[in-house]
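Enquirer: Build out the structure end to end from the sequences listed, making use of the hints.
First to last, the sequence lines map onto chains A and B.
For the first sequence, my numbering begins at 13 and goes up steadily by one.
For the second sequence, my numbering begins at 34 and goes up steadily by one.
Not one of these hints is a red herring.
The calculated label-pair distances, taken between Cβ atoms and stated as ranges, are:
| hint | chain 1 | residue 1 | chain 2 | residue 2 | range |
| --- | --- | --- | --- | --- | --- |
| 1 | B | V228 | A | I209 | 34 to 42 Å |
| 2 | B | V394 | A | H195 | 54 to 62 Å |
| 3 | A | K110 | B | H290 | 56 to 64 Å |
| 4 | B | A244 | A | E216 | 35 to 43 Å |
Keep in mind the hints are simulated off the structure, nothing from the lab.
Just so it is clear, CB atoms sit at the ideal spot from N, CA and C, and this is done for glycine as well.
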Amino acid sequence: MPSIKTLAQREEKEIRFTPGHTLCAGCAEPMVVRTVLNAIEEPVVAASPTGCLEVATSRFPGTAWNVPWIHVAFENAAAVISGVEAAYKALTKTGAVKKRIRFVVFGGDGGTYDIGLQALSGALERGHDFLYVCVNNEAYMNTGVQRSSATPACAAATTSPVGDAIPGKPQDRKDLTEIVVGHHVPYVGQAAVSHLIDLANKVERAMKFDGPKFLNVLTTCPLGWRTPRDSAIVQSKLAVETRYWPLYEVIEGKYKINYKPKQHVPVEEWLKTQGRFRHLFRDPKGKERIVEFQAAVDRHWNDLLRKEQCLSGGEADQG
Amino acid sequence: MRRVMTGHKAVAEAMRQIEPDVVAVYPITPQSEIAEYYADYVHDGIVHTELVPVESEHSAMSACVGAAAAGARVMTATSSQGLALLVEVLYIAAGMRLPIVMALANRALSAPINIHCDHSDAYLARDAGAFQIFCESAQEAYDYTLIAQRIAEHGKVRLPGIVNLDGFALTHTAQVVEPLEDEAAKKFVGPFQPVYPLLDVAKPVTWGPFAMPDYYFELKRAQQAAMEEVPAAFLEVQKAYALASGRRYAGFVEGYHLDDADRALVVLGSTAGTAKVAVDALRSKGEKVGLLKIWLYRPFPYHAVAAALAPVKHVAVLDRALSFGAMGALYSDVATALLRAQARPALHNYIYGLGGRDITVEQLEDVLAELGKVRPDEVLRYIGLRE
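Expert: Right, here's the structure in full:
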């Protein structure tokens, strides 16, 4: 498993994602991108849909990418990487390409949960050999914090504002990780930017498989979450500790929760640190909604525990 | 060797001989058979192509862009709504200068939904930055698929290209086609030379950056410069094709009895065949009528069209699609072409054949007979419409 030292050494040898991009101060995305790229030993070709990462790293004539990288549009990164990987297979057959090359997509939640879901599903079903990393900051941050289907319930976004009639986003978030599990791909994982070694380990485990691999990485956004610029890691850590964002993986259908918080930290502890949930603590009905939020978190966590129990690689499976 | 085959099969045969590295395609009537024939070639192991059976046309063109940027030779095919869905990415393929050749089985756009031929899909992609060729026959569909591949990959061009063939009239109709021998076809198309391939990991490149007002304009002007190279490449490749095939296509347009004509039709696609019969019939009665068929639709050959039509007195431009709120798209192009001609014909615009409505020899004879008797003005006339 790659240690911080190994990751740093790899980066020293070859900087795959360079500084000088224009992501916001305090943005967690570059940490995810660097960790993923450094966790892969072989050459990488990367793709991104339209989004914060794409806009902030590829302003012509500059680029922050020191690996081959392609952006085409918002909804099609998984289809684009399908084509790149198909070209790789064809050109390997003809002998024009000889190296082992790995393929990675870095897409935001808008480009993955929403507009890019069809292309993602198609690419997963067709079995292309690639890793899709959803850099999930839970809203359309690039266009000004509009709600996506990854945005949690109650959160204020510019298209789910806190109004007198409707306070924040009425709907719960979609469980994309489980949707990907339904594609029966070899590797599916959930990670968070606060747990970089866990992320690197997951990338390393994922890349052992041929075929589609998916990682949903919680990636905090101080601008959209309305949190201090130096709080990205703390925010992410709290999301994991409160079980709002479980770290787990599903390897060939077997569930494994990578981290089980020893203490039960109420999700309220996480909610109260973010401006997007501030209204919950001012509105008289907020208490009720926090209770509902907690119930949803508990339900998902308990579901996950049961899945781990039933669908683990352990005794139950052998029995 | 001459064989009987449909337009589908003719295009699929040309694709088999080109043997692209990647074909990404999605089914849609009346294109599906091209995808089916090609899937046969792949599943029978007679081509090395990676077939990407995508979940939509949008993903078809997206996978083509990814594969082409990776350094592969790439082809696809679509029709109608499929074209409408993928047109976003076609613009991007052109902006990225990717030589992707796409057969377009021309079909009407919804609503109402209709699977039959008109040119509303081709017109939709008019400004996308892909060059467009229209074919009269299955033979032309075969020939121009090979020709388009070489134009697309021409060093000065490197743009996507569309080969239009009328849905059903060409795609589903068996005709006599004489394909090249495999070796001759492969030699004609030649090996593919990728430019800045993504898969050259030793030289990392960034494809598809974003450009602000400080650069966007210049980049789009450079793209226009590539489009301006298409006509020269078109003639050059036509010449090379004549050597390879013995079939001589010369020029952007084909004139039929135009030299001394005082009345003429201008058409795209398979209607040219019908129009030739109409012209022959009237010529046999001593009437000076002719036809201008346009092969290269984008970039539009303004000078060739003006040169061919300027001596004619009355011209009917036939559009197989409405451009709602404006005159027909082909009419507007022809009118622009003639703007600076010293002698100008009187121009008329006829709309015909929407949603697969038949166009007959008699109807075209009637149009030619009418020319010179009706006052030219900016009014749409309709052929074969119940009103």
